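Visitor: Each chain is listed here by its residues.
Protein chains: 4
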Amino acid sequence: MNFFSDNTAGASAPVMAALAAANDGTATAYGTDAWTGRVERLFAEIFEHEVAAFLVASGTAANSLALASITRPWGAVLTHEESHVADDECGAPEFFSDGAKLVGLPGAGNKISPGPVTQALARMREGALHQVQPQAISITQATECGQIYTPAEVRALKDAGAPRGLTMHMDGARFANALVALGCSPAAITWQAGVDVLTFGGTKNGAWAAEAVIFFQPEAAAEMKWRRKRSGHTLSKGRLIGAQFEGLLGGGHWLELARHANAMAKRLADALIALNIPLAWPCQVNQVFPILSAELQTKLKAAGVGYLPWSQTALPKDIPFAEGETIGRFVMAFSTSEADVERLINVFAAAKG
Amino acid sequence: MNFFSDNTAGASAPVMAALAAANDGTATAYGTDAWTGRVERLFAEIFEHEVAAFLVASGTAANSLALASITRPWGAVLTHEESHVADDECGAPEFFSDGAKLVGLPGAGNKISPGPVTQALARMREGALHQVQPQAISITQATECGQIYTPAEVRALKDAGAPRGLTMHMDGARFANALVALGCSPAAITWQAGVDVLTFGGTKNGAWAAEAVIFFQPEAAAEMKWRRKRSGHTLSKGRLIGAQFEGLLGGGHWLELARHANAMAKRLADALIALNIPLAWPCQVNQVFPILSAELQTKLKAAGVGYLPWSQTALPKDIPFAEGETIGRFVMAFSTSEADVERLINVFAAAKG
Amino acid sequence: MNFFSDNTAGASAPVMAALAAANDGTATAYGTDAWTGRVERLFAEIFEHEVAAFLVASGTAANSLALASITRPWGAVLTHEESHVADDECGAPEFFSDGAKLVGLPGAGNKISPGPVTQALARMREGALHQVQPQAISITQATECGQIYTPAEVRALKDAGAPRGLTMHMDGARFANALVALGCSPAAITWQAGVDVLTFGGTKNGAWAAEAVIFFQPEAAAEMKWRRKRSGHTLSKGRLIGAQFEGLLGGGHWLELARHANAMAKRLADALIALNIPLAWPCQVNQVFPILSAELQTKLKAAGVGYLPWSQTALPKDIPFAEGETIGRFVMAFSTSEADVERLINVFAAAKG
Amino acid sequence: MNFFSDNTAGASAPVMAALAAANDGTATAYGTDAWTGRVERLFAEIFEHEVAAFLVASGTAANSLALASITRPWGAVLTHEESHVADDECGAPEFFSDGAKLVGLPGAGNKISPGPVTQALARMREGALHQVQPQAISITQATECGQIYTPAEVRALKDAGAPRGLTMHMDGARFANALVALGCSPAAITWQAGVDVLTFGGTKNGAWAAEAVIFFQPEAAAEMKWRRKRSGHTLSKGRLIGAQFEGLLGGGHWLELARHANAMAKRLADALIALNIPLAWPCQVNQVFPILSAELQTKLKAAGVGYLPWSQTALPKDIPFAEGETIGRFVMAFSTSEADVERLINVFAAAKG
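Protein chains in written order, with numbering that gives the first Met the number 0: chain A, 0 to 352; chain B, 0 to 352; chain C, 0 to 352; chain D, 0 to 352.
Since the hints were made in silico from the structure, they are not lab data.
As the structure is a computational prediction, the values presented were derived from the model and not from experiment.
Relax, there's no trap hidden among the hints.
The list cannot tell twin chains apart, which means a pair is met if one copy fits it or any two copies do.
Cut-off 30 Å, straight-line C-alpha distance, at most; resulting in silico cross-link-like pairs (DSS-like, lysine-lysine):
(1) K298 - K265
(2) K316 - K351
(3) K300 - K351
(4) K157 - K224
(5) K265 - K300
(6) K300 - K224
(7) K316 - K300
(8) K157 - K316
(9) K265 - K351
(10) K265 - K316
The following block holds chain A by itself, in its conformation from the complex (with noise of 0.2 Å):
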């Protein structure tokens, strides 16, 4: 009983598919071969506008990328405290955008607000010398909580940023996750809500290793091709994620796997409340982040149930916490059975009853 993350599985059947029909023949390297330039394309349909779409292979990559692109050494990207890339990429946005910053905001459920963004920007001087520059937002859709940003908050974000001119990166690792739980298109909740700059996340959503960077403004994309060759992930054979892509993406595949995923979230969240447990954020997606008792982690534990501790830091304030509880992290993937999920509700249920 493996729920730790949505990266622990492989790949789904029609990836695989994908993959092994793009095995034959020859095809010209890094990155212009026809799947490629296929998903290029397919990108611009899915969010209905023209695009700059760069494929890599890992999500560190991708959002790293991104900051990159749009922030200088002396710049600074408001996040929150504890984003995905502020805390858990080892300092990789650092690395490619040679010393940006970081600047970390509060916010439950790790979602960030227009307050804070205003309150930042106040204290960062413009054109001050001493001081750098803040020119980016980055969000992540959804959050690290499995919280999910609606078009008006995002838009709200881009409004906060515009008096100082910010770009606005949204770090989709799980964005057909979001996207399926908004019911909006992919227009609405990027570009139209003032999204730049997108991460679209694959992997968790049912690929091996598919990534990608999409400026929507392709003409803002004009440095990304040295950046991606020079970190090292312009893969020779580009095929390898092209395909997955598509395998993805066709027919409508990702918003399915998404769907099926959120679901079986759905489904353990709602038993955990019948249950009496309580869950530190409301379920959206594909996560589920009850608060577990001391004695409900042991029995989980002796069940072989695997899931993970989570920070309380974005714990809303009204939630209360007693001694030896922790919040627990349950993660959906696109391959988590109904029976897998029915299994540990029934661990949940034996451990309260």
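For chain A, the structure is supplied; the task is to place chains B, C and D on it using the hints.
Guide: Quick look at chains B, C and D alone, frame taken from chain A:
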């Protein structure tokens, strides 16, 4: 007829099969999976030596991580002036090493030799604060001109660098091809000859995207886990690379693929010599470098033959070169069939006929 | 009436005299001159400890070189969220360290304490590849709010960092002011209390541009000569800095200057308190931070008094703050005369009268 | 008898006087002082062109900031293989530019010429992702071998770089010496000949530590204030540099000092030629490079004459070189007296006699 590179093929059937077999079930992430663990042990067996092995998806990353691990930002790496790391990675080694310097040395066939190493060292005053400090030698095995270093030649370079304590890196993007051509053991051409860090190439050999940085003094790799993560090269679904390597290394498949590619090259080279088409450098591995007259170039183009024009910098001094001539690089992949080569030979024969 | 900073003055007369005296004849370059050599030995005497001292012309350089020397690019420095290194150097520490992270901690008067250090360390998992690794603590002595750390407080911070082996850096831009206020020996507040690397500030103390990075474990400074050169901070005519320091340090001149500046600040602080103008933080060194009503601000401006508005982030929680109030920073330099202070006090008195 | 370099002297009397005069009263910090402002305008007058001028204390910083401003991290700077920026700054340009590449070109007397520029450009494919992109040319005026570029030669280099849009940087550590030797206007040898950015050297000319980065298109300097601050080169007491430059530039003092140093060199060169001691390169500025026999070397050493052995890389091809010979570099500073030169000539004469 695509002879541009050995990265235009996909993956060999056993590699694809290993990947498909690895797709079931869940695995722990970020390189802690069973496949990766087994591969790390396999490398120790192959090299008959304790190793620290780090799997990544691109050769640029592998080389750059290796060089960054053995230099300081004010350090210098002595390498051929047209080696891949110096001339074909868009400055990736400089990026990963935070600005270390690659010092280019001359040498026929892109091979460097002790003389130029010693001369370069003489020009870099030891301990002087005005100059970068020599810290490593990097050689390509086989070189970008398809030439191989013997164990004795590697040792001689190591000895030339010894007075300044230089570490030795071998870029083995085509390590398998060189190894089967040499007919020695993997140990003999690496740590026994003085190599400290090896980039072990799987991609050109028959994988999709699988390279390993192999340290023969494992303790020298203490910082690699952070370097790799920070540069975005720690894939979350690590078995993607682990499984490829298992498919490639199992049962000597990698050596078989290399032998095939080398044999295809030998066949072409022999035919060219029989046709009185001179080779810029002798065919030692899976690449053939005929000197093409203007007329031959036209005819090859008309026949739809794909190859790369190649640099003349590393030509031996006694090669005569006529107006309009160019060097063509023809690379045989694991997947190049005898029929492919025959077709190419026929084009040459017809052109010369 | 310029009380903006202690960097608005020139150099003290003995410093100018020492510089003039050093102008004759030739000297070897790049810090190998006799003046620099003597100063390095002087530091060993002052600190009663073997040291490696590196003279530079700016505090930004001294702090950044110090921090770069004790962190890796994936390392983190724990420091106050509004410390000079974190908030006032335009990201210089990130530049010099190739992207290390400064982790900001809260604390009244810009002082950090063991509690927040321990909490921050708890959030950074040891050896985890996903997070930067804590490697150093940096404190400012005296802080940007004019507060001093006692030897016991420094030791407590060092102890808090000890479980993770943190190195301790002290930014002593106003070290002399803090030292004379503490009344202890230079040794007691540095290496005896756990400081590993000190930025010894001469510029604000009475020099033109003279700072020293002092390592109390000289072997830890092995790479500094390259770091300093590579960042352009090895002046060719090194005696420019050496002579300033000789003028400053000779005969206890530096302590005398600091005592004077502190005394001028004490005089102002006492007068403000007598006038019922509250101070944000107690006056401990050469800075005074009155809380200024809107009316006072207007009157100071009208009288041509120069001061900086100061951040309220590090205010103690129990300081009441009314609409329109601000904190003003008034800094006394070595050159601030009693008459200057009297004039300022008169402005305050008239404004309150 | 110290002829090691023109950085072994202190400052000229007018420079010291200007510094002493600047020591009274307070001034605003970080380069906003009146002295710096006046110097910036002085440069505009001297060059008869609008400029953006940035004062710093070291030539390494000035050159590196200049190059970082005109390259991207994946860019290349074409320069002589033994130019100061390539070979004598410990990789500082690489550090400041976040890893850009310096491509070394050959050339007698350390001068580069259009041919090698064109050849280097031909080897760097435009827009190709595999190679760093050429973005600038950097020349030293006068070169490290004391040779000067005429305006026509500078223009020819600019023209050679024009097809790739290369920006031109001139390292003018000895700009004054070159200028008075050329006898042209400062404008003629800089922006009128195609120079975009100039390192204007004051230190070797007679200051303590005063260099300026001068942009002839001021808008190209938009980011310099952050680059300079971030690298620790924005001195708080900025008038330290401003005053030096005022002392140096006022009343043509800088030209007078350069003329004197050049004349001293000419005197030595003429004497050496009369003594049949050959010069490696003709004496054009304030440096003399005799080829010294083993015997001469011994006698100079015995007489206590200080000079540097110099590289033979940039020797013209037709210079014969005997066993044991070396090139000696003798540099005349502003402060070198006629008596100093006479003494040196006497040593040579006695040695040859």
